[in-house]
Amino acid sequence: MQWETVIGLEVHVQLATKSKIFSGSSTAFGAPPNTQANAVDLALPGTLPVANEQAFHSAILFGLAVNAEIERRSVFERKNYFYPDLPKGYQTTQLAAPIVGEGSIEINTGTDNQTSRHIRIHHAHLEEDAGKSLHEDFHGMSGIDLNRAGTPLIEIVSEPDMRNAEEAVAYLKKIHAIVTYLGISDGDMSQGSLRCDANVSVRPMGSDTLGTRTETKNLNSFRFIEKAINVEVARQIDLIEDGGEVVQETRLYDSDKNETRSMRSKEEANDYRYFPCPDLLPVVIEQKTIESLRQKMPELPDQKRARFETQYELSGYDASLLCESRELADYFEQVAENCGDAKLAANWVMGELSAYLNKENLFISQSQVSAAALGQLISRIDDQTISGKIAKKVFESMCESGDEPDKIIAQQGLKQVSDSGAIEAMVQEVIDNSEAQVLQYLAAEPDKRKKLLGYFVGQVMKVSKGQANPGEVNRILAEKLK
Amino acid sequence: MNKAKAMSNNQALHQLSLCALREGLDSKQFSSRELTEYFLSRIDQHDGEYNSFITVTPEPALAAADAADRRIASGEQNALLGIPMAQKDIFCTQGVRTSCGSKMLDNFLPPYDATVVAQMQQAGAVTLGKTNMDEFAMGSSNETSFYGKVKNPWDTNTVPGGSSGGSAAAVAARLVPAATGTDTGGSIRQPAALCGITGLKPTYGRVSRYGMIAFASSLDQGGPMTRSAEDAALMLNAMAGHDPRDSTSAALSCPDFCDGLEQDIRDLRIGVPKEYFDDRLDSEMAGAVREALTELEKLGATLVDVELPNSALSVPAYYVIAPAEASSNLSRFDGVRYGYRCEDPQDLEDMYTRTRSEGFGDEVKRRILVGAYALSAGYYDAYYRKAQQVRRLIKDDFDRAFEKVDVIAGPTCPSPAFRFGEKQSDPVAMYLEDIYTIAVNLAGLPGMSVPAGMINNMPVGLQLIGKHFDEATILRVAHQYQRATDWHTRSPVE
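If you read the sequences in order, they're chains S and B.
Numbering of the first sequence is given in numbering that gives the first Met the number 0, commencing with residue 0 and proceeding in unit increments.
Numbering of the second sequence is given in numbering that gives the first Met the number 0, commencing with residue 0 and proceeding in unit increments.
Some hints here could point you the wrong way.
A short, non-exhaustive set of chain B residues, derived as facing chain S with CB atoms under 10 Å [as the list claims (entries may be wrong)]:
hint : residue
1    : Cys91
2    : Asn106
3    : Phe107
4    : Ser246
5    : Leu329
6    : Arg331
7    : Asp361
8    : Lys364
9    : Ala376
10   : Tyr379
11   : Phe468
Pairs of lysine-lysine, DSS-like flavour, derived with a Cα cap of 27 Å [said to hold, decoys possible]:
hint : chain 1 : residue 1 : chain 2 : residue 2
12   : S       : Lys295    : S       : Lys172
13   : B       : Lys364    : S       : Lys78
14   : S       : Lys391    : S       : Lys342
15   : S       : Lys464    : S       : Lys481
16   : B       : Lys385    : S       : Lys78
17   : S       : Lys406    : S       : Lys450
Hints are computed from structural coordinates only; laboratory data are not their basis.
Every residue, glycine too, gets a C-beta built ideally from N, C-alpha and C.
Please build the complete structure, drawing on both the sequences and the hints.
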């Protein structure tokens with residue numbers, strides 16, 4: 000039987016506010032345990048929460064970016080359960096009246112990134128993060144670190160609109176791009192700034208009823224999300240085809256074993272006893288607040304992509320890749336402006352630069368090669384100071400030393416030889432040493448000659464150590480071999 | 000101290016009002032240190048009989064008194080400067096045990112002061128200690144305290160009321176000139192009535208809840224427990240005000256609550272709800288309250304019949320909403336970060352279960368169970384949502400009544416102080432102690448109880464209910480009543 004996969008995602012985004020959602024403690028990552036937890040975060044008796052206005056503004060910006068209704072009156076509720084890293088014994092979150100209502104985003108998939116899909120967002124709500132339980136190094140006991148407790152999150156809940164892992168990843172990448180473009184989150188998945196739970200079910204192709212879903216937790220990289228969904232889909236299909244039934248449950252993805260395993264079933268699920276938090280009054284967002292935030296909206300990924308296609312005449316594919324992150328897009332624009340050749344700039348940013356960053360595992364902000372330097376390098380190709388091939392060599396030196404390309408070209412004597420006398424001498428030397436090839440060339444049909452000419456070009460470039468102007472070499476060779 | 004005792008028209012120091020104490024301090028008849036030593040020694044001598052204090056703090060009190068004396072000497076004017084006070088043990092006090100009447104917090108030393116405590120300290124009040132209370136403020140008789148029951152100074156075989164029974168008894172027994180209380184369903188007004196003192200529950204949002212250990216967040220409100228309305232106004236001036244750390248605190252400026260106390264009440268219409276004179280009201284109590292109403296009429300106020308048709312629903316609605324909120328508020332007492340933790344826990348589940356089973360008393364457990372049940376899946380609509388709808392109806396009743404009148408008056412509670420054990424085995428009978436006070440919390444209104452008679456030498460309380468944020472008018476009615484009567488000056492002690 001043909002199966003269709005149905006995926007909905009719940010994405011938790013940590014907001015980059017200076018202080019926590021209900022207290023004045025810092026949200027900075029990596030401090031020694033419990034040094035960023037004050038009386039409110041520790042839930043000392045008598046303490047009370049005060050909502051962080053900045054967190055609301057961040058959520059509203061997100062809502063505007065996904066064309067959602069901004070609920071004018073939003074209510075915090077308490078989700079009650081006991082856990083040692085949940086100091087109050089409840090999480091303050093939103094349920095019936097979330098800050099962001101229905102919205103949607105467009106994602107692009109397929110080999111050319113040109114297949115567009117519309118993914119609906121059910122709602123997004125504000126809530127507080129829990130602390131962390133540490134189970135190692137405590138001799139059979141657990142340690143509790145409450146630095147993270149109270150960090151503001153928005154939870155973005157999609158409709159079950161995705162049909163495969165690739166779409167899920169594209170959706171998540173788009174969410175990542177939107178929140179980082181907006182500057183409301185650092186989007187750093189390695190530090191848990193963006194986390195994802197996947198609701199996955201399968202159904203016979205063509206069916207319009209949903210199958211029983213499982214919720215897979217602990218997905219903290221794009222790669223794991225893709226793998227986890229794929230193994231979970233395969234598990235469900237195997238199960239059904241073997242005559243079994245999918246059980247509604249929460250599952251955990253184990254990246255070491257690349258499998259999902261059951262965490263708790265629906266029956267074991269907590270009764271969270273939600274009710275409106277009496278310590279926080281409903282928050283009413285005024286229209287003028289929404290409008291003033293709308294004025295501050297930066298250019299969003301889709302807008303930037305469209306502009307790149309028209310302004311720089313890039314392909315849709317190139318534009319969408321460049322716009323995946325705001326830093327990458329900004330970097331590209333600086334390179335393009337510096338060298339005036341957007342097409343070449345795009346190729347270099349997506350090619351050599353991305354390869355270098357991946358290899359060294361660097362963020363673009365940590366690159367040794369500045370946008371200005373890369374622009375200068377491309378200018379040297381355009382003005383024929385160096386060839387494209389030499390440019391790659393220069394780029395490698397730039398990555399190592401951080402020096403400017405002009406300095407490297409001068410120091411290493413890489414300037415391209417365009418002097419026709421010098422090139423002519425090198426061409427003559429090659430022809431003199433290649434009697435057999437010359438005879439073969441001259442005997443060949445005119446349409447085969449082009450291919451054979453490549454041999455001579457290669458030899459000349461070798462003699463010139465790659466520095467001969469390839470155009471000149473071709474022209475002179477063609478003349479001499481007439 | 001002998002010098003102090005002989006002061007002020009030969010009245011003993013402990014019988015003086017806050018105003019009289021102020022005069023004595025300002026005119027250097029006695030110092031704050033003398034006053035503080037005097038009341039500390041009264042507590043030392045007499046509290047064995049009443050058990051109204053959980054913790055007495057002589058050293059910080061004397062240090063605060065000396066600081067106050069220096070401020071007085073430098074010419075500072077402040078109504079409470081140098082005056083001894085007590086804090087209900089529900090208000091967090093930095094470095095001083097704050098138990099909330101529970102074993103759970105027997106070892107809890109808060110690292111911070113509640114806003115109310117900080118404000119009173121700033122005003123220069125001298126805290127003598129922390130008063131006894133029903134565990135987590137859950138009770139109407141002070142029998143649920145981990146630290147033992149408080150006795151009513153008028154008859155030590157009877158209850159002082161609750162949950163602020165320690166504060167009420169301490170003020171009634173003249174162990175302290177004034178104390179703070181908190182009121183979730185009547186916990187200031189009912190013990191004030193039973194002990195024959197003046198107690199004011201301000202409008203919800205008037206006094207900061209920051210640092211006041213939560214019972215039911217949407218109902219809890221701190222307020223003064225004093226010997227007169229005038230004293231209550233002085234104390235409210237120090238306690239009230241917007242607190243940015245409490246989101247439910249009203250962003251309103253406060254009037255001087257002493258202004259206008261002297262104005263007569265001939266312009267006022269006072270509503271008398273017939274529902275407050277039902278068959279649950281003790282007949283002698285009804286007579287005493289009617290007499291007090293007649294007194295108000297004599298003072299020029301107009302009595303008007305009003306209806307509060309949903310009054311009967313207030314107790315059932317309250318006993319869904321308050322336990323629901325409490326079940327969540329008390330989840331933080333889990334043995335993880337502070338407070339009681341059971342011995343030698345085997346695992347997490349065991350730690351939670353035994354910590355909470357051993358740390359909480361029966362009444363607290365009962366309310367946690369009731370509250371968790373009311374919020375659970377499948378019951379939420381039938382209980383919690385329904386109770387919130389009833390709450391709305393009760394609020395609407397008051398709104399309609401207040402279209403016709405300025406103040407509503409009636410009994411504070413159905414009968415005078417009862418004997419220990421009388422209602423302890425029957426929770427519903429105990430809950431009905433608050434039938435006339437609970438609706439005021441549900442509606443968020445200000446209410447107070449003033450002494451208004453005696454039945455068999457036990458005090459009777461008259462309840463005055465005001466419009467939202469109109470504490471000033473009920474204080475005025477109470478003060479004018481107290482100018483015309485002397486019930487508030489009656490004292491169970493010499």
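Results of checking the hints against the structure:
1. Cys91: This hint holds: Cys91 of chain B lies near chain S, its Cβ roughly 5 Å from the closest one there, short of 10 Å.
2. Asn106: violated (12 Å)
3. Phe107: Cβ of Phe107 of chain B sits 7 Å from chain S, so the hint holds.
4. Ser246: Hint holds; Ser246 of chain B Cβ to chain S Cβ min 5 Å, cut 10 Å.
5. Leu329: holds (8 Å)
6. Arg331: This hint holds: Arg331 of chain B lies near chain S, its Cβ roughly 4 Å from the closest one there, short of 10 Å.
7. Asp361: violated (21 Å)
8. Lys364: Constraint on Lys364 of chain B not satisfied, violated at 15 Å.
9. Ala376: holds (5 Å)
10. Tyr379: holds (7 Å)
11. Phe468: At 16 Å from the nearest chain S Cβ, Phe468 of chain B fails the 10 Å test, so the hint is violated.
12. S:Lys295 x S:Lys172: Roughly 23 Å between the alpha carbons, so the hint for Lys295 of chain S and Lys172 of chain S holds.
13. B:Lys364 x S:Lys78: holds (20 Å)
14. S:Lys391 x S:Lys342: The hint holds at about 17 Å.
15. S:Lys464 x S:Lys481: holds (26 Å)
16. B:Lys385 x S:Lys78: holds (20 Å)
17. S:Lys406 x S:Lys450: Violated: Lys406 of chain S and Lys450 of chain S sit about 36 Å apart, past 27 Å.
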